[in-house]
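A.B. asks: For reference, the chains in residue letters:
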Amino acid sequence: MSFKIKSEVADSVAKITLEGSLDSASAPLFQEEIQKVAGQSPKDMVLFVSELEFMASAGLRMIVFAKQKLGPNVQIFLVKPQDLIIETLQMTGFIHSVHIVDKYPA
Amino acid sequence: MAELDSRIDYAPTHEMNGIKYRRGHVLPFGGTMVPNGVNFSIYSSAATACTLVLFKKNEDIPYTEIEFPQEFRIGNVYSMIVFDLDYENLEYGYRMDGPFDPVEGHRFDKNKILSDPYAKAIGGRDTWLGDPKWDSPFPFRSKLVFEDFDWEEDKPLEIPTEDLIIYEMHVRSFTRHSSSGVKNKGTFAGTREKIQYFKELGVNCIELMPIYEFDEWEHSKKHPDTGELLINYWGYSTLNFFAPKAGYAATGKYGMQVDELKTLIKELHKNGIEVFLDVVFNHTAEGDHRGPSISFKGIDNKTYYMLTPEGYYYNFSGTGNTLNCNHPVVRNMVLDCLRYWASEYHIDGFRFDLAAILGRAQDGSPLNNPPLLESLAYDPILAKCKLIAEAWDAGGLYQVGSFPCYGRWAEWNGKYRDTIRKFLKGEEALVGELSQRVQGSPDMYLSRGATAGINFITCHDGFTLYDLFAYDYKHNDANGENNNDGGNDNDSWNCGWEGETSDPGINYLRHKQIKNALTILMVSQGVPMILAGDEMGNTQYGNNNAYCHDSELSWLNWDLLKSNSDLFYFAKHVISLRHAHPVLRNKYHFQNRDYKGSGYPDISFHGVNAWNADWSDSSRVFAFMLDGNHAKNGFLTDDFIYVAMNMYWDGLPFELPMLPEGKSWHVSVNTEMPPMQDFYPVSQELKIENQHSFIVGPRSIIVLIGK
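Protein sequences, first through last, are from chains A and B.
In terms of my numbering, the first sequence is residues 1 to 106.
In terms of my numbering, the second sequence is residues 1 to 707.
Hints listed in this document are in silico derivations from the structure and should not be mistaken for laboratory results.
The reader is advised that the hints may include incorrect statements.
Below, in silico cross-link-like pairs of lysine to any residue (SDA-like), each with a Cα-Cα straight-line distance of 25 Å or less [what the hints assert, rightly or not]: (1) A:Lys-69 / B:Asp-150; (2) A:Lys-67 / B:Pro-156; (3) B:Lys-253 / A:Pro-28; (4) B:Lys-632 / B:Val-682; (5) B:Lys-20 / A:Asp-83; (6) B:Lys-183 / A:Ile-100; (7) A:Lys-103 / A:Leu-70; (8) B:Lys-253 / A:Ile-100; (9) B:Lys-56 / B:Glu-88; (10) B:Lys-253 / A:Ile-86; (11) B:Lys-425 / B:Gly-407; (12) B:Lys-572 / B:Leu-157; (13) B:Lys-415 / B:Ser-435; (14) B:Lys-185 / A:Ser-97; (15) B:Lys-270 / A:Ile-100; (16) B:Lys-194 / A:Gln-90; (17) B:Lys-425 / B:Tyr-473.
Using the sequences and the hints given, assemble the complete structure.
C.D. replies: This is the structure:
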């Protein structure tokens, strides 16, 4: 499945929807969106990832990039990640950098 | 200002088959991500040509090969930037052309694809015991890694050496057993799930047996009788010095082993636990002239290996070859490697396997002032790292007590191990030597202080602590070498029966001996090291060389925590005792005098009569008292501590030294007592009625606190 991404910022919440496979080929697109929304100083960043099937190392680094770009006060939420994504986040420890939720707002 | 990635030195100048490239940067060696591409740089002193070979992940056939134009070579270094590469799916190697002339030390073969000595990750062994692909033309594939891990506030902990309690462990053995209770068994992630266990036990440093990439399939074979697969399980055979073992990572299959290991280290640091690596720089996985050409051998054999005048390999490591560590280029590689692990992985210390080899000249002779050891000792990046030598090698160079230290190096104290083992089994004529060992071996390390010695009774190599008291002889038949491998000088004692027994008296004595050993280790000056599992009575069923077993023989059985709970609680106690009393953790040696004006010397020696140690050859008793006024070499105040050891087979009354007015003796440890009555928690010690004498049971130890 090819990678798709869209983003918006509304009420100080950055919402990014990711689909497909987030790897070294698609990570730059994600990075672009992060930079775009970061410019609007959101208080939360929400990643809708229920249709994201795979996240490679380059994809994980974008979460770190977002965290650093947005600052420590901005929370990052992953909405309905697939099991494989959760497992990868757990095994590498990146799970501590995000909040896994079923919906946003809760 | 121009963007970095639009600078002209990051734009291609050459193109071949759609691949764009240009002259690269000679340093750093290895594959390094740069704007728009990857900089490849490799050294060879005698190659006549070098070709970069690029693969897509897991593919057998390269998608392109680029010979370095001669103008891309500066000195003996070939460098090139290749643009628009897919970092994550790239695997690369080199072909080196040059003479095949073993007598001259050259083994070039341009038909072989070689792994980069500076690769930061290696593909091909992504999962533990995955398909070995014996026929692959390029089995160990160099890969790139992202070096942008988010360490947040983390840095190496720099715990004072004298305050460390080291826990030696094998990543896979630690959590692979079904009883471990972790999700990702046998991995870095699995170890991370056990951090609370380390904290409960009280250790503040874990030393990981080799985690550099190695080939578990190396020299694998089936046991001739049982058919069991025997492998290179311990991993003391390095494929690459910069790459963590992918098969130890639950995410190795995704190429995320670097992140997983860094996360483990970061979390350990958050919990106050340092991380040491057991590093093997004495040899590589390429063996001797019959071994495979994986990397160093084909890139620059004469530089990387110690060679005989006939071009064969010196074998001071006992494994076929010897890395030429005091060649300036190899020395720099070792330095680069350790700097990389210290800075990129925040490693706190290194233990060097067969480190005596690092002090040998290129012809194998021992050096008076080995440049590598000196360079490591004075390196600015390694300045706060602990450096620990296994101060001997397989070529007969034994340097325990005399390893060139430059004020930095510590040593595994093999003499401590031997003395304590012999004393515990009841041998005579050891009291004098024992007194030196518990003081931090000033007879060996007079000018180096107590922290020069890493005290241990067991380590991965040899019997476990339980087996030390359950077997007189090694039982290595399962290794498939007719019980010829492994040491015979174990100084062990089976307590009356060889192996498992239902005899309650023997089992009681074995547990008592384990407690005796742990007590001596924790009340000795120097740095204690525990072998993982000894705190719960782990057994290898008498196998003292389980290097080849990926099975329950090696895997730690966590059910032992319940069945041997007395051992675990006791181990926790003596560890907490050490942490609670700074007088047990002096950096410098005792002076055997009262330099604080307390009326007591910093350490005094006793026997069944106070102030009168029995140093005679027939003696099996020894006691010592530490005056807390001299804690931390006089900078702190602590309680008095009195330790009495009776390895005679009957109980003996020990006259207790008199304490200052107002203080009295309290029991912290008495190994003669039944389980769970054999210790009193720190600050809840039991005041004894008779302050003048204490009967120390047969083969027992007491620790009293004077407060």
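A.B. asks: Against each hint, give a clear statement of whether it holds in the structure.
C.D. replies: Each hint tested on the structure:
no.	hint	verdict
1	A:Lys-69 / B:Asp-150	holds (12 Å)
2	A:Lys-67 / B:Pro-156	holds (23 Å)
3	B:Lys-253 / A:Pro-28	holds (23 Å)
4	B:Lys-632 / B:Val-682	holds (19 Å)
5	B:Lys-20 / A:Asp-83	violated (39 Å)
6	B:Lys-183 / A:Ile-100	holds (19 Å)
7	A:Lys-103 / A:Leu-70	holds (21 Å)
8	B:Lys-253 / A:Ile-100	holds (24 Å)
9	B:Lys-56 / B:Glu-88	holds (9 Å)
10	B:Lys-253 / A:Ile-86	holds (16 Å)
11	B:Lys-425 / B:Gly-407	violated (35 Å)
12	B:Lys-572 / B:Leu-157	holds (22 Å)
13	B:Lys-415 / B:Ser-435	holds (12 Å)
14	B:Lys-185 / A:Ser-97	holds (23 Å)
15	B:Lys-270 / A:Ile-100	holds (23 Å)
16	B:Lys-194 / A:Gln-90	holds (14 Å)
17	B:Lys-425 / B:Tyr-473	holds (14 Å)
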